[in-house]
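Visitor: In case you want the letters, here they are:
2 protein chains.
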Amino acid sequence: MTTNIQITLSEERKEKPQPEQLEFGRIFTDHMFVMDYSPQKGWHDARIEPFEPITLSPASMVFHYGQTVFEGLKAYRTSDDKVLLFRPEKNMERLNLSNERLCIPEIDGEFVIEALKKLVSIDKEWIPTTEGTSLYIRPFIIPTEYYLGVAPSKFYKLMIILSPVGSYYKEGIHPVKIFVENQYVRAVDGGTGKAKTGGNYASSLKAQEEAAKKGYSQVLWLDGIEKKYVEEVGSMNIFFKINGEVVTPEINGSILEGVTRNSIIQMLKYWNIPVKEKRISMEEVYDAYKEGVLEEAFGTGTAAVISPIGEFYYKEEKMIINKGQTGDVSKKLYDTLTGIQKGTEEDVFGWVTEVK
Amino acid sequence: MTTNIQITLSEERKEKPQPEQLEFGRIFTDHMFVMDYSPQKGWHDARIEPFEPITLSPASMVFHYGQTVFEGLKAYRTSDDKVLLFRPEKNMERLNLSNERLCIPEIDGEFVIEALKKLVSIDKEWIPTTEGTSLYIRPFIIPTEYYLGVAPSKFYKLMIILSPVGSYYKEGIHPVKIFVENQYVRAVDGGTGKAKTGGNYASSLKAQEEAAKKGYSQVLWLDGIEKKYVEEVGSMNIFFKINGEVVTPEINGSILEGVTRNSIIQMLKYWNIPVKEKRISMEEVYDAYKEGVLEEAFGTGTAAVISPIGEFYYKEEKMIINKGQTGDVSKKLYDTLTGIQKGTEEDVFGWVTEVK
Chain A
4 MTTNIQITLS EERKEKPQPE QLEFGRIFTD HMFVMDYSPQ KGWHDARIEP FEPITLSPAS
64 MVFHYGQTVF EGLKAYRTSD DKVLLFRPEK NMERLNLSNE RLCIPEIDGE FVIEALKKLV
124 SIDKEWIPTT EGTSLYIRPF IIPTEYYLGV APSKFYKLMI ILSPVGSYYK EGIHPVKIFV
184 ENQYVRAVDG GTGKAKTGGN YASSLKAQEE AAKKGYSQVL WLDGIEKKYV EEVGSMNIFF
244 KINGEVVTPE INGSILEGVT RNSIIQMLKY WNIPVKEKRI SMEEVYDAYK EGVLEEAFGT
304 GTAAVISPIG EFYYKEEKMI INKGQTGDVS KKLYDTLTGI QKGTEEDVFG WVTEVK
Chain B
4 MTTNIQITLS EERKEKPQPE QLEFGRIFTD HMFVMDYSPQ KGWHDARIEP FEPITLSPAS
64 MVFHYGQTVF EGLKAYRTSD DKVLLFRPEK NMERLNLSNE RLCIPEIDGE FVIEALKKLV
124 SIDKEWIPTT EGTSLYIRPF IIPTEYYLGV APSKFYKLMI ILSPVGSYYK EGIHPVKIFV
184 ENQYVRAVDG GTGKAKTGGN YASSLKAQEE AAKKGYSQVL WLDGIEKKYV EEVGSMNIFF
244 KINGEVVTPE INGSILEGVT RNSIIQMLKY WNIPVKEKRI SMEEVYDAYK EGVLEEAFGT
304 GTAAVISPIG EFYYKEEKMI INKGQTGDVS KKLYDTLTGI QKGTEEDVFG WVTEVK
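Protein sequences, first through last, are from chains A and B.
For the first sequence, my numbering assigns the number 359 to the last residue and increments by one with no breaks.
For the second sequence, my numbering assigns the number 359 to the last residue and increments by one with no breaks.
Mixed in with the good hints there might be a few duds.
Identical copies go unnamed one by one, so any copy, or any two together, can satisfy a pair.
[What the hints assert, rightly or not] Cut-off 16 Å, straight-line C-alpha distance, at most; resulting in silico cross-link-like pairs (EDC-like, lysine to aspartate or glutamate):
| hint | residue 1 | residue 2 |
| --- | --- | --- |
| 1 | K209 | E103 |
| 2 | K93 | E117 |
| 3 | K230 | E357 |
| 4 | K231 | D192 |
| 5 | K157 | E103 |
| 6 | K197 | E213 |
| 7 | K127 | D84 |
| 8 | K209 | D192 |
| 9 | K209 | E248 |
| 10 | K230 | D192 |
| 11 | K120 | E92 |
| 12 | K85 | E113 |
| 13 | K157 | E212 |
| 14 | K197 | E103 |
| 15 | K121 | D33 |
| 16 | K209 | E109 |
Rather than coming from a laboratory, the hints here were simulated on the basis of the structure.
Here chain A stands alone, though its shape is the one from the complex (with noise of 0.2 Å):
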């Protein structure tokens, strides 16, 4: 296993873009870390260098057979002008979780913890302050042997790239509308469901842009099995508030265990704010916003931290959750996670790491 890490610096340091203009994911940082893999060195020759395309033969495995994962957290500036990161251990644990599933060798999640906070550190300029901005941390691998046979490559590359980001949706904190999809099926037990990796986001594409065709920002994807249980909403986690109480997907295989939905779980329990995990059906929720104690509703991810969902759209029929406004709860998670993040809240769960 590595235990050094060579730096080189860029030469030129690129122009930083004004706060205003930050959208997410379209700009990258002046550097970025690369690690190899090999059957006879393990995780390799780990070194940050100014960020730069790579180079790969067509016969890459990447471009054919998809075995790739990825993870996504966050880092943010203090007033004070520290840096600090959101839980990274649960990100790495994910990843290789996500491994595991996809035939990819373990990584040492505490080695790159800290290569992403020497990358962070070097390149802490580029992190905005202004509100609802931070820089979003990209950590990848990919498989890089030449080889057409379906098989595990034997080679990968461990990638870790920065991008400054503005809010995820347009609206930020606002609500936003989800079309229930009842046609397309993100994931199944026994499949991929539960590992961040392509495929779950390139089979999720056709629903999307079918539902932002009619006007909704994402879908809420139901069970494979029966078209019935709630999943997750778009790359995000779902909470309902029914009558007093939160309840959220319990984790069974097919859905991504989210660190800010664990994060949530946590607060909300901490807050005497009933919360449950378990099965729920899309009819229950109906039943709910019917009988008039569907309260809110809201997403939960690293990109969009909580995203309040003010309107479903269900078996033709559109549910306005809460006149269409943000909850008090979603407000107050929001605010106080957010808070968290940022350093202006206490850190009541030691959720914070500092890069020094």
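Given chain A's structure and the hints, the job is docking chain B onto it.
Guide: For chain B alone, kept in the frame of chain A given last:
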């Protein structure tokens, strides 16, 4: 739409492999075809150039969200030095079907076949001629936009690379051993099973790896809903001969519609051998085995053509088929189909296209 192909020949020619050393998909020829897509220009800049690495930003969508599609077909060289392709129009049809599912812009199939023929004719000397060998043709499309949002890419690259190949399985036409998979799932209706996209292959690796550890060369996939009905085997379609009748799972949205599968069905009908496409459970196959009427089983696909199955491992039992030998129908199909492909059998179906 592009109608002109720019040709740049390689200044050096690589050494060609000995036919007996050929594996599947390890060696590539001197040239490749490339074409780009942008929203402004559509598919453009079609060109044949030396086979060489491509350079992409680490933020290219292909490294993150798996929005890839591919095809596989073969060119054969006859004893009188003609070059033959087998039903390339079917591959182009399916490529567009995959494109549609993956939100990739449609290609002009006729133009891509022209490009492919041009490329094959330039690298004609790479087509091996000995028994079981051929030139494998791999068209594929990758998303190239630099963006981390989950959305269809706005830019793409279509490439065609060529690889002289031996038999897909080391065993050649000898029967293979298949593990009936009861834990992992390949695809489900509403997912991407009918598309030739990387994610389907990535999700299959784990099951294949576990089967290999037990001594089985491929897995037989059951449906993702009930894990009861037969879908496909490894990356091939599957056929059973039961009591004189050949049966294969019907197309259902999660099975890949194989070109070889389609050809086999037509050949059997032509020979007046009863053949039926229907939903078939593994229990039915097992019952037929127990009754002694499971006469043959074989997989079909471009890479292996016909792959006889000598054994299934199912419910902790070894089902030995036809004493582990290649069956008569499997053999006849293999000989006739490879004969048509190589021009030694009459092409009664009009499947073969000559590359001039």
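Visitor: Would you mind marking each hint as holding or not holding in the structure?
Guide: Structure-based check of all given hints:
For a Cα distance limit of 16 Å, the shortest separation of K209 from E103 across copies, 8 Å, qualifies, whereas the shortest one inside one copy, 27 Å, does not. In the homo-oligomer, the alpha carbons of K93 and E117 lie at most 16 Å apart inside one protomer (14 Å), although the nearest pairing across protomers, at 51 Å, exceeds that limit. Taking CA atoms no more than 16 Å apart as the test, K230 paired with E357 passes in neither setting, with 43 Å inside one copy and 48 Å between copies. Taking the shortest Cα distances, K231 and D192 sit within 16 Å of each other both inside one copy (14 Å) and across copies (14 Å).
Proximity of K157 to E103 under the C-alpha cut-off of 16 Å is restricted to the intra-copy arrangement: shortest distance 14 Å within a copy versus 32 Å between copies. Taking identical chains as interchangeable, the C-alpha atoms of K197 and E213 are never at most 16 Å apart, the minima being 24 Å within one chain and 19 Å between chains. For the identical chains of this complex, K127 and D84 are intra-copy neighbours only, at 10 Å inside a copy versus 63 Å across copies, given an alpha-carbon limit of 16 Å. Taking the shortest Cα distances, K209 and D192 sit within 16 Å of each other only across copies (14 Å), while inside one copy they are farther apart (21 Å).
When the C-alpha separation of K209 and E248 is checked against a cutoff of 16 Å, the pair qualifies neither within a copy, at 33 Å, nor between copies, at 39 Å. Proximity of K230 and D192 under a CA criterion of 16 Å is satisfied in both settings, with 13 Å inside one chain copy and 11 Å between copies. With identical chains, the CA atoms of K120 and E92 are at most 16 Å apart within one copy only, with a shortest distance of 12 Å there and 52 Å across copies. Neither within a single protomer nor between protomers do K85 and E113 lie at most 16 Å apart by alpha-carbon distance, with minima of 21 Å and 59 Å respectively.
Proximity of K157 and E212 under a CA criterion of 16 Å is satisfied inter-copy only: 13 Å between copies versus 35 Å inside one chain copy. In this homomeric assembly, K197 and E103 come within 16 Å of each other (Cα to Cα) only inside a single copy, at 11 Å, whereas the closest approach across copies is 26 Å. For the homomeric pair K121 and D33, the shortest alpha-carbon distance inside one copy (13 Å) is at most 16 Å, but the shortest distance between copies (42 Å) is not. For the homomeric pair K209 and E109, the shortest alpha-carbon distance between copies (14 Å) is at most 16 Å, but the shortest distance inside one copy (32 Å) is not.
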